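Chains as they are written, first to last, in my numbering: chain E, 3 to 204; chain F, 8 to 248.
Simulated from the structure, these hints should not be mistaken for lab results.
Be careful, since some hints might not be right.
Keeping only pairs whose Cα atoms sit at most 35 Å apart, straight-line, the calculated DSBU-like set for lysine-lysine is [as the list claims (entries may be wrong)]: (1) K202/F to K98/E; (2) K62/F to K9/F; (3) K98/E to K9/F; (4) K63/E to K247/F; (5) K98/E to K5/E; (6) K98/E to K247/F; (7) K82/F to K104/F.
Cβ-Cβ distance ranges computed for the label pairs, FRET-style [said to hold, decoys possible]: (8) K198/E to I13/F: 51 to 57 Å; (9) Q213/F to Q99/E: 34 to 40 Å; (10) Q58/F to Q163/E: 41 to 47 Å; (11) L159/E to V26/F: 55 to 61 Å; (12) L242/F to M194/E: 57 to 63 Å; (13) Y170/E to N124/F: 34 to 40 Å; (14) T11/E to A22/F: 55 to 61 Å; (15) K125/E to V26/F: 23 to 29 Å; (16) G113/F to L60/E: 57 to 63 Å.
These numbers were taken from a predicted model, which means no experiment stands behind them.
Idealized CB from N, CA, C, for every residue including glycine.
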Amino acid sequence: MNKNLELITAPLRKTNPVTVLILGICSALAVTAKLKPALVMGLSVTVVVALSNLVISLLRKGIPAKIRIIVQLIVVAALVILVDQVLKAFVYDVSKQLSVYVGLIITNCIVMGRLEAFAMANKPWESFLDGIGNGLGYALILVVVAFFRELFGSGTLLGFQVIPQGLYDFGYVNNGLMILPPMALIIIGVIMWLQKPEEDKK
Amino acid sequence: MKDRYIFTYIIILVAIVAVLLSAAAMVLQPFQQANINNEKMMNILKAADVQNVDKENVQKLFNEDCVKMLLVNAKGEVVEECTKDFTEFAAFTMNMKDELYKKDNGKDYVLPIIVINNGKENVNVIQLQGAGLWGPIWGYIGMTSNFQNVVGVVFDHKSETPGLGAEITTPGFTEQFKGKTIFSDGEFVSIDVVKGGVANLSADLQKNSVDAISGGTITSNGVNNMIEKVLESYLPYIEKQ
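With the hints as constraints, model all of the structure from the sequences given.
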């Protein structure tokens, strides 16, 4: 039981896919200018990693070793297309903001990484939990980055104004640099910098 | 034997995935189309300056406020008119880009006009299609019934730079167009998106100009060219009004 719990909690910090394994950086830069797309993207990746881990783990004994990457890719692509279609049908405005990045989950290294490293060698339930954990670890970083970028870049959170008008009257200006992709890289760098010494201590 | 297993395995897997995805696409397609139509209606109503449009009432408002839809040809003659089932009609579903392409290649083309009553007047809404810096930009422009003044505009884009070119969608940019005219002394001049401040221009030029976006020069130029190119094709029809 404890071991199963660790499958979910470890990727949040100790083996975080973004800040420790440095995977999935591309989409982390692209969809974190606002909090809402970041949340949806985090959720979509979690669903895709968890389900593809589950499916591949169920199939793992039958998958011919020579074509295992192709099989993995087919499963991942099918799931991503499904997620994309569902988003387009039910949260259209968010799917418009995410645009190509949902499709690019297919090439997100976290997904293939977990399939190769975990699902091919573990039982379905453990693989599913591992997928959830890694998806959430990715989502966590996205949300933290998006929180700071939206707060300082637009003065809003989830679209609501949080920086009071009074501050703007004093001459406060939204930082346009926060909206641009390089700031996401810098914020991720800062998160790693804060995280690293703590991990080294243990 | 081993190869046979691999082939059978992959063929069965692909077949299952294909069936699954086609089923999902068929089930979800009506929802997706409804979203696309709603967004289109929302933009058209906004361009006609209809107030208080939101996701819930957009279909109702559109059906109430839409007076008619027209298709006009290159000579400015009305070739088809529609007064009901608007979302099925070509003027609603067609893409301006295809018509502009036909025009550039000397083929026959038709142009859509959507007439919306915003409570005060009938507004002619025209679809815009053009190119920005990174990708396509598009939108709708609403003109008074004699095409003299702009009632409202909406713009959207695929991938303009956030905070710079992408600002064309904000009210700060689009509100400027209201009340501008596309004619000067009876000559077609379109609307110029200018650098350096409209306020510094002569009163005469101010009527045809709006401020560009700082740092978004190429997107601003794209908007300028898009409006000019599209409205120019409507001139034969406009002259008859």
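Hints and how they fare:
1. K202/F to K98/E: Distance of about 30 Å is within 35 Å: holds.
2. K62/F to K9/F: 56 Å, violated
3. K98/E to K9/F: 45 Å, violated
4. K63/E to K247/F: Violated - the C-alpha atoms of K247/F and K63/E are around 74 Å apart, more than 35 Å.
5. K98/E to K5/E: Violated. K98/E to K5/E sits at ~39 Å, over the 35 Å cutoff.
6. K98/E to K247/F: Between K98/E and K247/F the Cα gap is close to 40 Å, so the pair fails against 35 Å, i.e. violated.
7. K82/F to K104/F: 19 Å, holds
8. K198/E to I13/F: 51 to 57 Å: 44 Å, violated
9. Q213/F to Q99/E: 34 to 40 Å: Holds: the Cβ-Cβ distance is about 35 Å, inside 34 to 40 Å.
10. Q58/F to Q163/E: 41 to 47 Å: 22 Å, violated
11. L159/E to V26/F: 55 to 61 Å: 43 Å, violated
12. L242/F to M194/E: 57 to 63 Å: Since L242/F and M194/E have Cβ atoms about 59 Å apart, the given range 57 to 63 Å holds.
13. Y170/E to N124/F: 34 to 40 Å: With a Cβ separation near 39 Å, Y170/E and N124/F satisfy 34 to 40 Å, so the hint holds.
14. T11/E to A22/F: 55 to 61 Å: This hint is violated: roughly 39 Å between Cβ atoms.
15. K125/E to V26/F: 23 to 29 Å: 27 Å, holds
16. G113/F to L60/E: 57 to 63 Å: Holds, since G113/F and L60/E (Cβ atoms, about 59 Å apart) stay within the stated range.
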